[in-house]
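Novice: Using our numbering, you'd call the opening residue of the sequence shown number 15 and step up by one each time.
For the record, the hints were derived by calculation from the structure and aren't laboratory data.
Treat the hints loosely; a few may be bogus.
Listed next, the in silico EDC-like pairs over lysine to aspartate or glutamate satisfying Cα-Cα at most 20 Å (straight line) [what the hints assert, rightly or not]:
(1) Lys110 to Asp148
(2) Lys110 to Glu140
(3) Lys150 to Asp137
(4) Lys93 to Asp137
(5) Lys80 to Glu35
(6) Lys93 to Asp136
(7) Lys152 to Glu140
(8) Lys89 to Asp143
(9) Lys153 to Glu140
(10) Lys131 to Asp148
(11) Lys153 to Asp136
(12) Lys42 to Glu32
(13) Lys110 to Glu123
(14) Lys110 to Glu149
(15) Lys93 to Asp143
(16) Lys110 to Glu128
(17) Lys153 to Asp143
(18) Lys30 to Glu81
(19) Lys150 to Glu113
(20) Lys152 to Glu113
(21) Lys116 to Glu140
(22) Lys110 to Asp143
(23) Lys42 to Glu17
(24) Lys48 to Glu17
(25) Lys154 to Glu140
(26) Lys80 to Glu46
(27) Lys29 to Glu81
(28) Lys30 to Glu17
(29) Lys42 to Glu81
(30) Lys89 to Glu31
(31) Lys93 to Glu31
(32) Lys154 to Asp143
(33) Lys80 to Glu17
(34) Lys42 to Glu31
(35) Lys29 to Glu17
(36) Lys153 to Glu124
(37) Lys154 to Asp136
(38) Lys89 to Glu113
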Amino acid sequence: MKEVNLFTYLNSILKKEESLETYLKFFKEQDEWKNFNGYMLIRYIYYAGFINIANVYNWFLNTLNKEQLFVLMYKMTPKYNGFVKYIKKIKTEDLKVMEYLKNYYQCSEERAREYLKFLNNDDVNEILDKYAIDEKNKKKMIKEL
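When you get a sec, could you build the whole thing from the sequences and use the hints?
Specialist: Spelled out as structure tokens, the structure:
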């Protein structure tokens, strides 16, 4: 095995390439429980599609120690070899553009996001011009889209 980080734990839980005892022995020998982050593992397991299982793990997050939580996750989570996409936080510049689009179209944020998919940079630039946004901030907002 190699360097231990969040994805090492995640892969060992989801892919199950080796036995539980092998993982426990390795993590103990390397003294790597300090890198174990149950909260982030639960989020990735949630994004892998195991929503109900992730909900169960949340119940035990603060009651079990790191090793016990790892054992629980290893035994309860089904084997999964797919890609786990993590949803990132929305950037503040993107939120500012959304506010201007919502005001311009007089619609909800969800509808403004749909409109943004069909607008090119020139269209967004035109809308921002109507709100007297200076060129520097306008370019920054458009660049972030």
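Novice: Would you mind marking each hint as holding or not holding in the structure?
Specialist: To see whether the hints hold, each was checked on the structure:
{"no.": "1", "hint": "Lys110 to Asp148", "in the structure": "holds, 14 Å"}
{"no.": "2", "hint": "Lys110 to Glu140", "in the structure": "holds, 15 Å"}
{"no.": "3", "hint": "Lys150 to Asp137", "in the structure": "holds, 17 Å"}
{"no.": "4", "hint": "Lys93 to Asp137", "in the structure": "violated, 46 Å"}
{"no.": "5", "hint": "Lys80 to Glu35", "in the structure": "holds, 15 Å"}
{"no.": "6", "hint": "Lys93 to Asp136", "in the structure": "violated, 47 Å"}
{"no.": "7", "hint": "Lys152 to Glu140", "in the structure": "holds, 10 Å"}
{"no.": "8", "hint": "Lys89 to Asp143", "in the structure": "violated, 57 Å"}
{"no.": "9", "hint": "Lys153 to Glu140", "in the structure": "holds, 12 Å"}
{"no.": "10", "hint": "Lys131 to Asp148", "in the structure": "violated, 23 Å"}
{"no.": "11", "hint": "Lys153 to Asp136", "in the structure": "holds, 11 Å"}
{"no.": "12", "hint": "Lys42 to Glu32", "in the structure": "holds, 15 Å"}
{"no.": "13", "hint": "Lys110 to Glu123", "in the structure": "holds, 11 Å"}
{"no.": "14", "hint": "Lys110 to Glu149", "in the structure": "holds, 15 Å"}
{"no.": "15", "hint": "Lys93 to Asp143", "in the structure": "violated, 52 Å"}
{"no.": "16", "hint": "Lys110 to Glu128", "in the structure": "holds, 16 Å"}
{"no.": "17", "hint": "Lys153 to Asp143", "in the structure": "holds, 11 Å"}
{"no.": "18", "hint": "Lys30 to Glu81", "in the structure": "holds, 16 Å"}
{"no.": "19", "hint": "Lys150 to Glu113", "in the structure": "holds, 18 Å"}
{"no.": "20", "hint": "Lys152 to Glu113", "in the structure": "holds, 13 Å"}
{"no.": "21", "hint": "Lys116 to Glu140", "in the structure": "holds, 15 Å"}
{"no.": "22", "hint": "Lys110 to Asp143", "in the structure": "holds, 14 Å"}
{"no.": "23", "hint": "Lys42 to Glu17", "in the structure": "holds, 14 Å"}
{"no.": "24", "hint": "Lys48 to Glu17", "in the structure": "holds, 13 Å"}
{"no.": "25", "hint": "Lys154 to Glu140", "in the structure": "holds, 15 Å"}
{"no.": "26", "hint": "Lys80 to Glu46", "in the structure": "holds, 10 Å"}
{"no.": "27", "hint": "Lys29 to Glu81", "in the structure": "holds, 18 Å"}
{"no.": "28", "hint": "Lys30 to Glu17", "in the structure": "holds, 17 Å"}
{"no.": "29", "hint": "Lys42 to Glu81", "in the structure": "holds, 9 Å"}
{"no.": "30", "hint": "Lys89 to Glu31", "in the structure": "holds, 13 Å"}
{"no.": "31", "hint": "Lys93 to Glu31", "in the structure": "holds, 9 Å"}
{"no.": "32", "hint": "Lys154 to Asp143", "in the structure": "holds, 14 Å"}
{"no.": "33", "hint": "Lys80 to Glu17", "in the structure": "holds, 18 Å"}
{"no.": "34", "hint": "Lys42 to Glu31", "in the structure": "holds, 18 Å"}
{"no.": "35", "hint": "Lys29 to Glu17", "in the structure": "holds, 17 Å"}
{"no.": "36", "hint": "Lys153 to Glu124", "in the structure": "violated, 23 Å"}
{"no.": "37", "hint": "Lys154 to Asp136", "in the structure": "holds, 14 Å"}
{"no.": "38", "hint": "Lys89 to Glu113", "in the structure": "violated, 45 Å"}
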